[in-house]
Each structure stands twice: as structure tokens, then as C-alpha cells.
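6 protein chains.
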Amino acid sequence: MATLPRIADLSATSIGWGFYLCARKEVRTGKTGAYLAIVLQDISGEIKAKAFQDVDVLKEEFDAGEFVKIQGRGNLFNQKLELVLDKIRRVMPDRDALDGFREEDCIPCAPRPLDEMWAELGTHVAAVESPHIRRLLEDMLATYGDRLKIWPAAQAVHHAYRGGLLEHVLKILEGVRHFADAYGANRDLLIAGAILHDIGKLRELNYGVTTDYSVEGNLIGHITIGSAMVRDAARAIDGFPEDLLVQLEHLILSHHGEKALGSPVDPMTVEAFILAAVDDLDAKIHQVRKHIETDDTPGPFTAFHRRLERVIYKK
Amino acid sequence: MATLPRIADLSATSIGWGFYLCARKEVRTGKTGAYLAIVLQDISGEIKAKAFQDVDVLKEEFDAGEFVKIQGRGNLFNQKLELVLDKIRRVMPDRDALDGFREEDCIPCAPRPLDEMWAELGTHVAAVESPHIRRLLEDMLATYGDRLKIWPAAQAVHHAYRGGLLEHVLKILEGVRHFADAYGANRDLLIAGAILHDIGKLRELNYGVTTDYSVEGNLIGHITIGSAMVRDAARAIDGFPEDLLVQLEHLILSHHGEKALGSPVDPMTVEAFILAAVDDLDAKIHQVRKHIETDDTPGPFTAFHRRLERVIYKK
Amino acid sequence: MATLPRIADLSATSIGWGFYLCARKEVRTGKTGAYLAIVLQDISGEIKAKAFQDVDVLKEEFDAGEFVKIQGRGNLFNQKLELVLDKIRRVMPDRDALDGFREEDCIPCAPRPLDEMWAELGTHVAAVESPHIRRLLEDMLATYGDRLKIWPAAQAVHHAYRGGLLEHVLKILEGVRHFADAYGANRDLLIAGAILHDIGKLRELNYGVTTDYSVEGNLIGHITIGSAMVRDAARAIDGFPEDLLVQLEHLILSHHGEKALGSPVDPMTVEAFILAAVDDLDAKIHQVRKHIETDDTPGPFTAFHRRLERVIYKK
Amino acid sequence: MATLPRIADLSATSIGWGFYLCARKEVRTGKTGAYLAIVLQDISGEIKAKAFQDVDVLKEEFDAGEFVKIQGRGNLFNQKLELVLDKIRRVMPDRDALDGFREEDCIPCAPRPLDEMWAELGTHVAAVESPHIRRLLEDMLATYGDRLKIWPAAQAVHHAYRGGLLEHVLKILEGVRHFADAYGANRDLLIAGAILHDIGKLRELNYGVTTDYSVEGNLIGHITIGSAMVRDAARAIDGFPEDLLVQLEHLILSHHGEKALGSPVDPMTVEAFILAAVDDLDAKIHQVRKHIETDDTPGPFTAFHRRLERVIYKK
Amino acid sequence: MATLPRIADLSATSIGWGFYLCARKEVRTGKTGAYLAIVLQDISGEIKAKAFQDVDVLKEEFDAGEFVKIQGRGNLFNQKLELVLDKIRRVMPDRDALDGFREEDCIPCAPRPLDEMWAELGTHVAAVESPHIRRLLEDMLATYGDRLKIWPAAQAVHHAYRGGLLEHVLKILEGVRHFADAYGANRDLLIAGAILHDIGKLRELNYGVTTDYSVEGNLIGHITIGSAMVRDAARAIDGFPEDLLVQLEHLILSHHGEKALGSPVDPMTVEAFILAAVDDLDAKIHQVRKHIETDDTPGPFTAFHRRLERVIYKK
Amino acid sequence: MATLPRIADLSATSIGWGFYLCARKEVRTGKTGAYLAIVLQDISGEIKAKAFQDVDVLKEEFDAGEFVKIQGRGNLFNQKLELVLDKIRRVMPDRDALDGFREEDCIPCAPRPLDEMWAELGTHVAAVESPHIRRLLEDMLATYGDRLKIWPAAQAVHHAYRGGLLEHVLKILEGVRHFADAYGANRDLLIAGAILHDIGKLRELNYGVTTDYSVEGNLIGHITIGSAMVRDAARAIDGFPEDLLVQLEHLILSHHGEKALGSPVDPMTVEAFILAAVDDLDAKIHQVRKHIETDDTPGPFTAFHRRLERVIYKK
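Chains as they are written, first to last, in my numbering: chain F, 1 to 315; chain W, 1001 to 1315; chain C, 2001 to 2315; chain Z, 3001 to 3315; chain V, 4001 to 4315; chain G, 5001 to 5315.
Everything labelled a hint here was simulated from the structure, so no lab data went into it. Source: prediction; values computed, not measured. Quick reminder that beta carbons are idealized off the backbone N, C-alpha and C, glycines included. Check before you lean on any hint, since a few could be wrong.
Claimed, not checked - List of simulated lysine to aspartate or glutamate pairs, EDC-like, C-alpha gap at most 20 Å:
1) Lys5315/G x Glu242/F
2) Lys5069/G x Asp5056/G
3) Lys5284/G x Glu242/F
4) Lys1315/W x Asp1295/W
5) Lys3149/Z x Glu3129/Z
6) Lys1284/W x Asp2280/C
7) Lys1087/W x Asp1115/W
8) Lys1080/W x Asp1099/W
9) Lys5290/G x Asp5056/G
10) Lys5314/G x Asp105/F
11) Lys259/F x Asp1086/W
12) Lys3080/Z x Asp3280/Z
13) Lys5048/G x Asp5295/G
14) Lys3284/Z x Asp4280/V
15) Lys4048/V x Asp4280/V
16) Lys2314/C x Asp1295/W
17) Lys1080/W x Asp3295/Z
18) Lys4284/V x Glu3066/Z
19) Lys3259/Z x Glu1309/W
To be verified - Non-contacting residues of chain C with respect to chain Z, defined by C-beta distances greater than 10 Å in every case (computed):
20) Ala2160
21) Gly2262
22) Met2268
Claimed, not checked - If you only want the chain G side, here are some residues facing chain Z, beta carbon under 10 Å, derived:
23) Glu5026
24) Leu5036
25) Thr5143
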């Protein structure tokens, strides 16, 4: 039997077996009995899958959060591609490795290699002239690097995969450095703001193989969490200037651009206006691009995007 | 010459001399030359005043933030009472004390004595059953008591006078304790939330004899500042339960009730709904009452209240 | 065969027979033929049910609005518990009484006994000092007591069960009396406002065993209806002071707190601010509590609440 | 000395004496002493006036709400025409009649004669086919005719002069009758709705020579007042169909078109959509026309209109 | 076998064959295999249909956008009437004509005959007094008449059928002529504005047998397209007055009434206020009427209308 | 007598004479007689001025829109610096040239030289790869270059001076080119969009020495005007691809970012999102910088900015 292609390359005529990450698993009961509703992921994306047969047996063979081996075929349901599964079981690492299973192929991941992105981040830190700010960034990266390197930027909206936060931060860095030059704004502050604006997401989101909100993530939120992480780190640095810290916290707190979007304060410095604009643009472009990629609507426009509240031109 | 009554009792026919706090002082130039535009305060309220004569001399005789002795008379300008001053100079404490000057008479102040309010606050702390929360409150009061006892609750909107924050906190305490009982909510958390919800104002506002916003007050805001003050204090307490702290911070962060009003997170617990509702009601009633008190519009309704966007029925 | 537990205690493994109220009944046709889509209620809550077999026969055996005896088993569908029915027929009162059928067990009802709540309402009326207002309340309760005692507070949003309106009114009464004391507001007016603010719901909603909107309920609305009911009653009382009546009507008309929420006038008195705040808080807490009770989402947070537009922390 | 022209014809070079209604009178104190700030009206419009000399004497010579004889000259202040007065005193009816004083010339009034408008209103009533609705209208006009004939439609926004409400109602009548025919809507209901939609303004506004809000006007509002007036009148008619009454009240209650504009219910019938649209259009066109008339801005556009939030093209 | 009635007259007991237009066709796969999800239309309306048998064969027998002959029966699904099909194939024009097939019976169409509406449009053009405007209208109708005569006014919201745009334009014409007289507005401009306000829809929408948005329709929009079409036509007319053209473009650009609804400029002339009001009212009444027609909810009110955000009273 | 410094360098102690542009002139009448209210501008900014003496003579000596020679002194009024004038007359070019008068010194102007900016614009055009788009830009610059080189970007909000539009366009160009690279967007389209997005302002605004709105500027708006200018130019180019034109018009039409801000369509392409973000950021930063420059508020924060609705941190 054939091997299934990566999720991004599946079609309604695909048939065969493959390795994936099971992101969600649910037993549902319809009129003709129980069936399994599953979400599968790999490095290229995610897809819904269903199993209608041998449900009682299959459901014991794997859990959400595990890597699985499945056998199935593509199917169009309500104009959306899905997989109908004949078999599914958890991966047996040693044995399945022989058939080509590799964890890293099954985890949704940023398009650029993590190490390459991490190295690029380092060059930005090195470009900071203020010794206090550079020291702060180095401390933060030393403390939080393991997570920052792999964290997703969100549970669902944009950059919602391994390395997504880092990918997002690097784009923001490019943008704010452009505008720092264009408007003579404080480049050091903007580099720090770009790197740290979403740092609270390391605690807002729990991330292993799947992503969800932590208790403090919901009740406190990454904006306040991140502001506190930065303050704690700055205080541990001898002589960190108070006014620099206040401005940096202001960048983090105001980066959603307005109160109604969850920033407790509006941007009040040129740097804060720049960071909020660049962040918003990157998040939107990511949503636009992802919507175009996953859209199956015939014709030059996508289906309506609920969050952006418009159709997108695909050209 | 007669002594002027307290500001709240002045009328267009008042004439004489008195002691006040000069809250603002400005030299303005009109067609017929320079004049002094002044704001005077005492324990009973505040009033605008102008001096048209001897401006060059008078303007050297006092500064904003000083206690002053003035001589003048009441005057109606655009239906608002003001004072027209003939003389004004800074208070000479020793000499003027003989004429009855007392600092405490000249500072706008909450209607209840500060000590009485402070004692009442203590009974609320004592009513807390959770040792961790009670300890946290005792620590906070020990650290910040000097300021909390005298701080205003705002620069202008409501409770904008000495002891105003404490007065506001005590009203909130009554309210949340009522609802804690009514809805079986966590009383300890609500007592702590009521006492600490505006604690960040101790750093958001600079207050001596006049009130204005600090740099971190504007750029960070009392909600984030207060949340951090509480976290720091809780961490200093051995074994302070993390979930209690998160819920308490949530109370502080969400107490404006919605994001558009500056809370980075919406209320998500019964306690947070209660605190936000009681806080909002107290602020509104204070504005309504103050508007009625200072309104001179004839008839049963006040003039339009800009912030509340309505007229108020005076009965 | 076993007896099914109360709806609130049903689980996916429940199996047996029981007595319920059929709140809705619909014949739907799917690919494999017609089936019955039903909503069942009892004193503890409500649940969806489906019957797939003998539909043509079963559908004649009962109607929406009737008490039914059913036989069935629990089933999870899209993570929600439902009942799959094998049998359903209308109750035969005499015969089924022998098996334990009691009407009062099958009707969703407030947690507190109606008589106890009614008695408590009387104590509030008795506390009114103004003879005119007390007389007005006595007249209203004499006229509308039968309905006020059993009416739901809404069709769906909050307190949507027998006695729900009275339960809601009593909570409001506690709250407004607290604030009447706290702010020196007119207690008599607030007691009357609390009891009468939703009195128009007695005509806005039709209530027998199920609840729906009357024609005047939709076209006129309970706010205007209630205001008129109170005016008519006050006019029938000799010498009822006009200004009291106007203020009382103002309480009813403004109790939604702002125009966009359906109040034709904004609150313009301290009493109106209080009533609107207490009413809003009670409605929200009821929604929060009900959402927590009926939520099956794993983890410390509920699913997203559409009306409140947030998740709720379950602790 | 020359007679001043009507207010609408005054210019910066006008000088002389004339009779007007004093709508507002205030003593203000500036740097150079007290002056009188006055608003004068006549049949053609209104204008601000000031008196700087002999203030102490002049201020005793007349009151707001009285007809006055003035002597003065035109003056441009901040690009707005005003009058500077040398003399002002209350009218002596007998003596001044000899000089041409007539009350009706001094009261701002609709452009069409009241009697002519009243007669036209009668033809609309006569066109109603439903005997119940015609009877209701006849009763309402019998009861409220004296006021309806002269009432203004507002204190300030639009049709704010004698007969303004009637003028407004007649325009609405034309409009709704057009659409009743165009859309096959209930003409009788629409005629009644047009005549009665603002009937509550007879109690919302106090009107003698000047206009202001009554207590029930502010606390209850003309929408609720009018709905009650109609209900009372309908109940006094034997056999008035309940469904007709509910629909008619719905027209009154929903005629502001949406809740945020003060209607407690949204339009839910074709007739309600029509009435709300026609009413809104008439109010807007009246504001546009009045703004163009009173605007002195050079060029083809008016100054910014605050309520309409735009400039208007004058052509 | 019986002939099915027109779509508007179908019921759950209908059974037989008929001719329709297939507006949409989709193959969906459920648990029990693939089925066809179809939308059928005729002159009287549209209905959903499904085919569960012989899907592989049937799906080759017709396409969306073709006329079809079907055999099937009525069925209620979720309280909505649908058709379950046994057979479906594309029409064979010659052969099926013998059985009564006529294209014009199968296309959703305005209730009034197109030729009658077209003739009426001509009388409005003839009533224009300005030779320039009349010439412009004649040119536009000469150029675009073929499309204007048959175009729908929208893809879905209102007047979404053959001749719908013309039907809408004629209603608007009646309305604006009424108000042109009532308010002494420029009748010629309003006639032109009414005829041309949606003329851009001839390019915004692609219409053959089905309707969808063109690329420029989405990216540029009918307001800008229409404004350009009118400008191009006016420029081709010798001596067309510039100010007339600007006002006419303003009518087109502002006819949605406010920026948030897609008009780049707010109405700034009496004519623009009138056109926007009449257009909005016609669109709303059409939605109300259509909602009432297609609603199956028991009782005097329709189901909730999502776009209008309310229920409608059916009487 | 001394020469006054440039407006940006004036202080309350400045005294002397100088050359300026009179931007506005008005005769106002106060209590003590008429005075002149004037706005003066030079290359460095603008300032209010008043003349209280010899008004009847002085007012004939110059007009708004003329260059003037004045003699006066600095004065603080309501904390704002103004000039009090002793003399003012229109410039006599020949004679005053001897005293140093140069037109270019008296006109508010962008900080960078116009020729330098114009040359830079050319390098952007030259960087366009698409021959059609480059040709379009060359044609547009050939036709509109004279105006584009000197036009202000607005009457008041931002870049409201000679060369302001060009300065704004160049900043936008830098920004969009950065993001074109960063996101792999269509650089040619973005360069064209940046250069042409506000091209309609050449007709929306009348600009000589002062700036105001043209008739079509108000009634049609620069977005629609600009879109039409581009379309006309593109049509004059043989073989200009229709889809390029539609996308380019889309960039112009959507560049305000949302409908409520006056864009008739929302951004639907990556390029449109980029242009709208960069344009908005540049406008905001310009307002922030200008507000900081002109602000005289003591302390680290500016006064409240009405349009941005916040205070700004000045550092």
C-alpha cells in the first residue's frame, strides 16, 4: 500500500498510510452508532479525520497528543478535504522508525529551521548599543531561550505552530528596525520591544505537542505577564535605568494598539506606535496568507474570513 | 473686614479675606493687560479666582502648591461663581496661625476623618479568614499605609481629594461583602480585591498638595502597577498559594469591567464580576452627587454632565 | 428496568424510564428516514432527546407542552449528553401517579420553595415606610401575585424557570437595600423599583409549562408594559404623589442602564443607577453560574459563553 | 431713528429699534464689569445680543420670557452676527401697539399659518377608513388640539418654534401616505402613527414663549408618554381592537428606528420601518436647511454641523 | 405521475416531476456515502434539494447553471421544506418543450413584467427637464439597457432575481419624486440619482443564470464603478455642466448613507439625504417581506432575521 | 528695531519686525471695540496674532493670502504664545526685498528641499520593473508633477505645508518597499500605490498660499478622485493589463484601511494591507511629532491630543 503524502499535499484521491500527530480525539455518537472524530497534524499542516469502523477497538489504540500511524483515504465533505480512516494506532517508535517515522516530520512547524532563526535573533541582540538593554535581552534569552526557540505565537489565530513565535518576532524585528531608521526612533528600545512584546506567551500558552491556555494565561494575559517578566529581569541588572524600563514596559503593554484590543494603555511614544503597527500588520498578513493556502473556494476570491471579516483576493 | 466662609458656602455677595490652598496659578494676557487666573481650594471644595490689578506684583507673592491668604469678593461669570481678588500672598505660618490659619482646613479632604476610616479598614482586614490573604493585606498596609491613608482616588473624576481613595475603598468593601454573602462568593478574595484594586494609584498619581500623573502612571497605568505591587508582596510571603495570587491579580486587572475601559482581561470569575460592578457604581454615584452639589442650573435638573452624558435629576 | 435519575444527574451510562415535561417536539427527516427531536425538562434542568424508531407511531403519542413517560439511555453527541429514546408517550395522570409521577417534579423550578420566597417578598413590602408606595405594592401583589409567584424571568437567558422572576427580584431587593443604606438613597423607591422593574414580563412572556413571547411582549416590550402597569395602579390610589410616580416609572424605564440595551431613558437619579447596577450584576452572575454548571469542557475553564463573550474560570 | 428689520434680515450695519421676545437673559461679569447676555427672537429667527452700559438699570427693565423693545446695532463677533444694545425694556402692550408691536410678530413660528396647517391635518384624519382609528384620532385632537396646534417639535434641534410639531407631522403624513401606497402598507395605521408619534412631546416639553423639558419629559421621555396617552385614549373607546392598539403603540415606541436612539423596541412591521425612515429624513432635512440658512461661512460649504457631523453643500 | 407545482407552492406532501434551474450543485460525502446537495430555482423562488441514490450516475447528468428536469418529493428537514430527488437530468430543450418546459418559467424573476417596468422607466426619463441630465440618462440606457433591464439588484440580500435592479430602481424613483416635491429638492438630479445609484452593479455582479461578484466588483465595488460610468458618459456629452456632474456623482457615492456602510462620503446635499433614505427603506422593506414569505415559524413572529437583527411581526 | 526670529523661535520676550504670510484675517468686535485676529505663517510654522489699535486703518492694509510686514511682540495668552501687533501691511516686493523679504522664507514648507525630494521620487519610479506600471507613473508625474511637487498632504491634520504630500509619499515608499521585500509582495504595485494613493488630493485641495477643500474635494473625496485619475491615465496606455489596473485602484480605494474611515472597500490583498498600515503609521507619527513640537505643557507629557485621544510622552 502506498505512503500518504504530507498533509498539505493530500487530495480526495489520496489513499495509503502515514505517520501524524493526533492533535484532538473525540468519540461521537450519530444515528448509526459511534465514530471517532480526530485532528491530525504534520509539519505541513493539519486535517480532520474520521473513523467509522471498529470504533470500540480503535479508540483504545491511541490518545490525543500522541504520534499515530493511520491507514485511510481522502474524502470531500462540505467542500472540505478530510481523511476517512480504516486503521489508527499509536506509533511504536523503534519499529516505526524503520518505516520512516520521525517526530520532527509530524509536528507543525515554522517554514524556516529553528536554528537558523535563533542565530538571526542573536544578531539583532548584538546590534543593540545600550549595554543595559543588551544585557537585559541576553538575560532573557538565557532564561527563556529553550521555550522562545520552539513556542507557537498563538493557539489558533496566526503562527500557531512550533517556532511560530520566533518567526513572528523576527519579522517584527525587521519591520521596527526599518521604521527606527526611517523616523529616527530609538532603535535599541524597538529591538527590545520586538523581541519581548509577546514574551508573556511563554506562560500564557501551555505547549507540548498541542497548545492551550494556562490559568494565568486566561486570567492575567500575556501582556501583563510579559511586562512583569521584563521588569523582574531588569531589576536583577545593576543600574538598569528606570526610565528605560518604563518605556520598555510601555511598549509591551501598548502593543495591541488600543484598549479595546486588550492593551491597558494606548501607545504614547513614537516607538510604541511603530511596534503596534508592525505587529498588527504581521499578524494580519499571516492570516491572509494562511487563509489563501487553505482555501478551496473556486474563483479568484477566498471564502469569507470570519476574523478579518472579508474575502481575500487570491489572484 | 469680614472673614470669607468656606468655599462651599461662598456666594456672589461674599466679601472679605481667608486662607486657601492655591492649586493652580497662571498669568494670562487679555486686551487690557495681564491678569492672574487661579484655582483656590479648601477642605470644602474648590473655586476659580482672578486678580486683575497689580498683577506684576501679586504674581511674585505666591506659587501654585502654596497656602495663600487672599482678599476678594464673589462674582458670577457665565453663571458660575468665582472670586475676584484684590490681594493674595503666601501664608506666613506663624503669623497667620494667630489669625486662624490651619493647614488641614485648606486641603480638600474626604468628609469622614482619616483616622476613623483607617480604623474601619483594619476591621475589614481582621475579618479575613485566609491567613495568606490576611498576611498579604497586613504587609501591604504596613508598606503603603502612609500613602493609602491620605491618597486621592483620582486627579479629577471622582474622590479627587485627601483620603478619597480610602473613602472609595471602604464603600467598595461594604458592597463586595454584601454580594459575597448574597452569592456565596469568596469573601476573603473580595475583601483583598476591594482594598487593593486601586493600589497602583499610589504610584500612578503624584500627590502632595496637588495631584498629577507620574510617568509610569501614564505609560503603565495603575492597573498594571497595582497588579505588580501585589505580586511582589505575595512572593515575599512564604507559601502564598499560586492560585490565590492569580485570582487576586485577576480581580485587579479586570476591575474596570471591560477591555475598552482599560482592563487587559474581562472578568471571568464571580468575584471579578462583583468587584467591577461595585467599583463602577461607587464611581458613578460619586460623580452624580458631586455634580448635583456644584451645579447652579435653575430648575430640577443639572446641566449636562459630559462624562456621564446626561442631565441629573436634583429633586 | 431502572428508573432514570433527575436530568441534572443523568450520564452517558444512564438507562431506564422516567417522567418529564416535553418542552419541544419536532419531526426531522435525515438520510435514513424521519426521527423525533425532543427537549425534555424536569425540576433539575433540561436535556435533548431523540427517537429514531417507530417515529410514525411515537409522534402521535404526545405533544410539546405535555408530561411524558419515556424509556431510553444516555448518549454523548458532540461532547454533549443527550437521551436516545426507545419509547415515549403522554402521562396518564392517575395510572402514572402510582409509579411516582408528580407534576411538580417535572417542571424546571427555582431552587428555593415558592412559598418561602413569597413570604420573604412580603417582608420587604412591609418594610416600606411611604404609605403610598406600600399601598401600591400591596395592590400590585394582590392583582398580579398569582403570576408573579411562578413566572420565569426570561425565556432563555437567566432565571428561565418557574419562580425565576421572584428569585431574581429577591436578590435585587437585597442588593438595592444594601446600597440604599450605603448611599443614603430612597429605600422605599428602591424596594418598589426592585419588585416592579420586571413586572411587565408577566405580560411580555406567555408562561404555562413553556415560555414564549406574547405579541405585545415583542412589539411593546416589558419595560414599557411594566411602566404602564405601575402607572395604572398608582392612579387608582387616591393622592398618590405625582413626583413619586414619575421617579418610580423612571426606575423601571431606565433599569437596563443604557439606551442601546433597550431603556428609553438613561438613569438620572442615584436610585436608578443603583437598580440598574444590581439588576445587571444578578443577571450576569446567574449566567456565569449556570454556564459553569452545564459546562462539560475539560480543564479549569468553561467553553466560550456567547452572550458574555468570554470563557469562565471554574476553579 | 430707523426701525430694525426682522432678525432674519439683520446685518452688521443695521441700527435702530424694534420689538422682540427675550428668550434668555443673563448677567455676566467680565474684566470691565457686568454686562447683559441676551437672546432675542421674532417670527423670523433668533439672535444673540449684549448690553454693556447701564447694566444695573437695564437688568431690572425686563425678564426672560417677556416681549421687549430694544435699541441697538448689528456687530460681528467671531464671524457671527449679534446685536449690541443701548436700551432694552419690557413691552408696554397698549402704548407699544401704537408703534406697531404685535405679539405674533415676535414669536418664532412655522412658515405656514397655523390654521391652514390645522385644516390640512383634518383632511388626513378624515381619510382614515378604520372607524376605530378615526375615532381615536378625533378624540386625541379634541383633547390635545390646543397644544398640538402651537407646540414646537423640539427645544433646539429641529422645528423648534411655534407650530413646529404640526409642520413636522404634516410632512411625515405626506411621506408615510406615499409609502403606504407604494408598499401596500396599512394606511390608516400610518396616518395615526404620523399624527401621534411625537404626541408625548406635548408633555415632554413645557412651552409658553420659551421651551424646556418637564420633569416627566426628562425622566420618562416623549416616546413612553405618547404611547401611554394613546393607550388611555384607545381604552376609552368601546371595542377598540387590541391588535390595532398594540401595532399603533409599536409605531410610536419604535419610531426612533433603533434602541441606541431611544426606542425601547426596534421596528418590526413594514409600517414601523416606514414611519421611522420618514421621521428621520424630515428631521435631518430640517436641520440641513436651517444650517444653510444661518450659516455665514464664505464659499460653497457651511461650517461643520456638530450633530450631523459634516459640512453641507450650499450650492 | 403528477407535475410538481411552482416552488412557492411546494409542500411536504408534494410528489412528482418538474422543470427548474439548478443554481448550485455539490457532491458531499457522509457516513453512508456520497449524496448530491442541490439548489433549484424557478420564477417563484428557490429550494434546497438532495439526491441520495445513484449519485455517481446522476452527478454526470447536469451541472450548476443548467435547466433540469427532476423527479422527487417534499420533505421537512430542520423545519425547512426541501426536495428529495429520485431523478435529475439536464433539460433537452426540444423534447422537454413538448412537456411544457419554458426557460422563463424557471428563472427567478421580479413579480412585474420586465417590459412594463422598462416602459415605466422611460416615463421617468422623459420627465427630466434638464436637457443635459435627460441626455445623460438616454445615453446610459442606450448603452446599458440590455443589462439594466434584466439585472438582479444583489446576489442574495434583496431583489436578488431577474429584473430585481429595475424593480428596485422604480420604487426608488417613486420615493425620491415624492420627496423632491415635498422638500422642493432638485427633481432632475434625484431622478438621475435613483436610476443610476446602483448602475455599477452591472459590472460588480456577473449575471447569467446565476449571480456572483466580479473581480472589480469585490476590489472596487459598485459605488466607485458606477460613479466612473456616469462620469465617462457625462464627459462624452458636449457642455455637460461640471457642477451637475459633481452633484450627481455625490448622489451615487453617498447613497449608502454613511461611511461605515461603504460610502466614501457622507450625504451633504438635501438630494443625497433623500436618495440614501429612500434606498435604505426599499432594501429593508424588501428583506422584511421576503423574510415573512419564506418563514415557516409558527406563531405571529418570524424567526430571527440575522441581517436585520430582529424578529418580524407577521400579523 | 530688531528683526523677529522665525516663528518656531519666537518667545514671549520677542519684539521687532518681520515678514510673514497672512493665512487668515478676521475683524472681531469685543467689548472695547474691534480688533484683528490674524494667523501668520513662515517656513518654520504658524502663530496667532492680534492687533488692537488702529483697526480701521490696519484692516485695509492687507488681506488673507498676502505676504505681510508686521511689527509686534510676543505674548502669552492661555499658555499659548501669540503676537500682539502694532503695525501690519502687505509686502511691497521690490522695496521689501532690500530688507530681506523672500517669498520662500514665508511659506510653511517641508523640512527637506523640494528638488531633492523630487529627485528621490524619480529613483523609485525607475526601480519599477513592470513597463506598464513604470509608464503609468511617468505619465502621471509628467501630467501632475508641478502640483505633486509642492502640494500639502492635508489642510490641517498632518504634512499640512508646501511639499508635505511629497514628503509623505517618500516615507510611504520606504515603508512599502521594506514590506514588499519582507513579505514577498508585489513591489511594483506597492511603489505605484505609494506614489498614487493620495494623488486625488491634487484636486481635493485647492492650494495656493493657503489650503482649502474644493467642491469635488468635499462631495467626491480624494479617494474616488484619485482612483479615477489613475484609471484615465492607464486607459491612455496601450495594453495596460486590466488586472493590474484593478489591483492598483484597489490599493487607492482601500488605503484608509476600513470603511468607517472612508475607504469604500476593505483591503483584500497583501499589498493593500501593507499600504494601509504604512500610510496610517506615517500620518500618526507626523501628528505625534508635530504635537510634541508645538506643545508648551510643563512636564514630561503633552496636553491631550484631540484627534489621537491621548497625551504623548515627550521624554
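What hint numbers does the structure not satisfy? 3, 5, 7, 8, 9, 10, 11, 12, 15, 16, 17, 18, 21, 22, 24 and 25
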